Amino acid sequence: MRLVYFAWVRERVGKTDEEVDLPSSVSTVADLVGWLKARGDEYQYAFENEGVVRAAIDHVHVKPDAPVAGAREIAFFPPMSGG
Amino acid sequence: MPASIRIQREDFDVAVETAALTQGRPDVGAVVAFTGFCRDEDGRLSALELEHYPGMAEAELARIVSDAEARWPLCGVTIIHRFGAIRPGEQIVLVLTAASHRRAAFEAAEFLMDYLKTRAPFWKREHLADGRIGAWVEAAAKDDDAAARWERP
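Top line first, the protein sequences correspond to chains A and B.
So the first sequence is numbered by this note's numbering: it starts at 1 and just counts up by one.
So the second sequence is numbered by this note's numbering: it starts at 1001 and just counts up by one.
The following block holds chain A by itself, in its conformation from the complex:
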């Protein structure tokens, strides 16, 4: 599964994207965030205020309870500020 990061989430994680193999215990986006936070300080920092960072699965906005099974690409990013 490919993870991609944008704006200050990308800067805090320190990479634009990565491939991960998720354990079977990770079934939702919230689970994935918890799993990432356990991987290192950079993820702790990026996700320190849970509920601020948004997620999308395969280019569609999702909520934390969305299942990750079958996802090709999961993105994490701050609230949007375009326009």
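Worth flagging that the hints you see were computed from the coordinates, not collected in a lab.
Since the structure is predicted, the reported quantities are computational estimates derived from the model, not experimental observations.
One thing to keep in mind: the hints can contain errors.
If you anchor each label on the Cβ, the simulated ranges turn out as follows [as the list claims (entries may be wrong)]:
id, chain 1, residue 1, chain 2, residue 2, range
1, A, Ser27, B, Ala1070, 28 to 38 angstroms
2, B, Ala1019, A, Lys15, 42 to 52 angstroms
3, B, Arg1132, A, Asp41, 21 to 31 angstroms
4, A, Ala38, B, Gly1024, 56 to 66 angstroms
5, B, Arg1087, A, Pro23, 24 to 34 angstroms
Listed below are the simulated EDC-like cross-link pairs for lysine to aspartate or glutamate, each with C-alpha atoms no more than 20 angstroms apart in a straight line [claimed, not checked]:
id, chain 1, residue 1, chain 2, residue 2
6, A, Lys37, A, Glu11
7, A, Lys15, A, Asp41
8, A, Lys63, B, Glu1151
9, A, Lys37, A, Glu18
10, A, Lys37, A, Glu50
11, A, Lys63, A, Glu50
12, A, Lys15, B, Glu1051
13, A, Lys37, A, Asp21
14, A, Lys63, A, Glu73
15, A, Lys15, B, Glu1049
16, A, Lys63, B, Asp1144
17, B, Lys1142, B, Glu1041
So these bits of chain A aren't anywhere near chain B, every CB distance computed over 10 angstroms [said to hold, decoys possible]:
id, residue
18, Glu19
19, Val20
20, Leu22
21, Ser24
22, Ser25
23, Thr28
24, Trp35
25, Lys37
26, Arg39
27, Asp41
28, Tyr43
29, Tyr45
30, Val68
31, Ala69
32, Ala71
All C-beta atoms, glycine included, are put in the ideal place defined by N, C-alpha and C.
Go by the hints and put chain B onto chain A.
For chain B alone, coordinates are given in the frame of chain A:
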């Protein structure tokens, strides 16, 4: 309904885009154009840097346009959003709505901008006049409120 959605580094010309939208469409009675510009915030900024999520940005704008098409009788829509470094006075975003009557065009343009601001994956970072790189622009609560006006009960 024809819809043109473009995400590009280059600037755009409102007159050219308006002509393209209305070409061969004698049913169009109204075009509303919204152009968003980069402000200098009282001289504080030298530029805004626009980052986007390629692929999702186009997909999300297409979904927003579909929402608008379901709500108003539109003849056509053009959305152009730029990325990269944009200096004060330069254009950032264009929304054009064409309809037979003005109310649909006005309302759809406002709806599209409200949803674009809160749902389309773009992020701005400030570049300061003194040369330093500033902060990421935070999403504004007033933009969420503006988008929420359109939610159906």
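**Item:** Violated hints - listed by number, lowest first
**Value:** Per hint list: single violation, 5.
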